[in-house]
Amino acid sequence: DAKTTQPNSMESNEEEPVHLPCNHSTISGTDYIHWYRQLPSQGPEYVIHGLTSNVNNRMASLAIAEDRKSSTLILHRATLRDAAVYYCILRDFGGATNKLIFGTGTLLAVQP
Amino acid sequence: DAGVTQSPTHLIKTRGQQVTLRCSPISGHKSVSWYQQVLGQGPQFIFQYYEKEERGRGNFPDRFSARQFPNYSSELNVNALLLGDSALYLCASSLAVKDGNTIYFGEGSWLTVV
Chain A
1 DAKTTQPNSM
11 ESNEEEPVHL
21 PCNHSTISGT
31 DYIHWYRQLP
41 SQGPEYVIHG
51 LTSNVNNRMA
61 SLAIAEDRKS
71 STLILHRATL
81 RDAAVYYCIL
91 RDFGGATNKL
101 IFGTGTLLAV
111 QP
Chain B
113 DAGVTQSPTH
123 LIKTRGQQVT
133 LRCSPISGHK
143 SVSWYQQVLG
153 QGPQFIFQYY
163 EKEERGRGNF
173 PDRFSARQFP
183 NYSSELNVNA
193 LLLGDSALYL
203 CASSLAVKDG
213 NTIYFGEGSW
223 LTVV
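Residue numbers (the working numbering), protein chains in the order written: chain A, 1 to 112; chain B, 113 to 226.
Pulled out of the complex, with its shape left as it was, chain B reads as follows (with noise of 0.2 angstroms):
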């Protein structure tokens, strides 16, 4: 079975641009995270969605949005793009939410702005 699979694998914008990252969580996974990793920091938590709803939101400005669509994948949209945006976007998809399963993460999207 396909793990979760995110596109692209790396991407190039421009400050002030605005970028968009696909996910698609692992088959019959309901919920799915994103997370920002600053070069030599740990995974940062910015979003979980579950069954379309937003479930949580971390400390990122209003310029972070996501959505997730009826077939469980998900879209990530980060608006007027920083230098400081420039990171490895890491999605994970579980089961559900307030549960005891293995949250699985992709392998990331690298983005550069420069």
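Isolated chain A, as found in the complex (with noise of 0.2 angstroms):
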């Protein structure tokens, strides 16, 4: 399975852009990058997943580099509720199972 390396902390200041980067220097042409999130004491929750191109969805935009080897998650605004984990996932759908191989992530504090 191929892996992705993220930074172990982060902080922004609420209502400031996060930029949270992700490398995947191993990245197969069949694996979807993905990014979710875990809340203190809850389970981790979907943000978003790319392949080739940017994306956009109501939580977040993802960059993805030309060459696929890295990505951003981008938060427009960051507020306190998206102090979390982010772990930057690389999923591949031609596999047999749609498992997930999480890493450490990236532990974001936001200041007020």
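No wet-lab data here; the hints were simulated from the structure.
Predicted, not measured: the structure shown is a model, and the values here were computed from it.
C-beta: ideal position from N, C-alpha, C; glycine also.
Keep in mind that the hints are not guaranteed to be accurate.
Dumping the calculated SDA-like pairs for lysine to any residue here, alpha-carbon to alpha-carbon at most 20 angstroms [claimed, not checked]:
#1 Lys142(B) to Ala96(A)
#2 Lys3(A) to Gly154(B)
#3 Lys3(A) to Asn171(B)
#4 Lys164(B) to Ala96(A)
#5 Lys3(A) to Gln149(B)
#6 Lys69(A) to Asn54(A)
#7 Lys3(A) to Lys142(B)
#8 Lys125(B) to Leu151(B)
#9 Lys125(B) to Trp222(B)
#10 Lys3(A) to Lys125(B)
#11 Lys125(B) to Val150(B)
#12 Lys3(A) to Leu107(A)
#13 Lys69(A) to Asn23(A)
#14 Lys3(A) to Ala65(A)
#15 Lys3(A) to Gln156(B)
#16 Lys3(A) to Gly152(B)
#17 Lys142(B) to Glu45(A)
#18 Lys3(A) to Thr26(A)
#19 Lys142(B) to Asn171(B)
#20 Lys142(B) to Tyr46(A)
#21 Lys3(A) to Gln153(B)
#22 Lys3(A) to Arg81(A)
#23 Lys164(B) to Val150(B)
#24 Lys69(A) to Glu45(A)
#25 Lys142(B) to Gly115(B)
Derived contacts from chain A toward chain B, CB cut-off under 10 angstroms, selection only [claimed, not checked]:
#26 Tyr36
#27 Ser41
#28 Gln42
#29 Thr52
#30 Asn56
#31 Ala60
#32 Ala78
#33 Val85
#34 Tyr87
#35 Ile89
#36 Arg91
#37 Leu100
#38 Phe102
#39 Ala109
Take the two lone chains, each set in its own frame, and fit them into one complex as the hints suggest.
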């Protein structure tokens, strides 16, 4: 399974944009890039996913490098409720399962 | 609509005992997966079931077993509990297996082994 590398922690101020980086230099052609987040004492929550093109949804934007070896999750205006661990995950839709391989993620702290 | 529901939410067991954790997927979802999350780490995949058949297994000992029922609910069993089995056990559901659908997680069952 391809690996991802994320910073252990990041800080942001409330109402400012946040850019969470992820490196995945061994990504294969069938790997989708997924982001999940886990708020304290809750299960992981889907945020966004993409393959090659940049993606936007109501929660965030995903910017994918042209060579697909890195990506950035963008929270346009951080709120206190966005404080969580953010996981960048490569998911192979060609595999036998849809299992998610979690790393240790990035712990995002949001200051008021 | 109800999300993924798990029970019990918290439990304490003694070393050597057995535990059964239960999960009800989102209505209409046929796939259930189980994950173990030890404090300070990301969740680790244990099993995936689809249409009552095991579709995938992670690197866990045979003390861990699971099954899926005709209504798509699932149970995770752990025998001969060890202190290291103390963790948050997460259940996740999705419509199918090999597709692009979102995976939804429950809030988990906190297991403490003493």
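Structure versus earlier hints - violations, ascending order:
7, 10, 19, 22, 23, 24, 29, 30, 31, 32, 39
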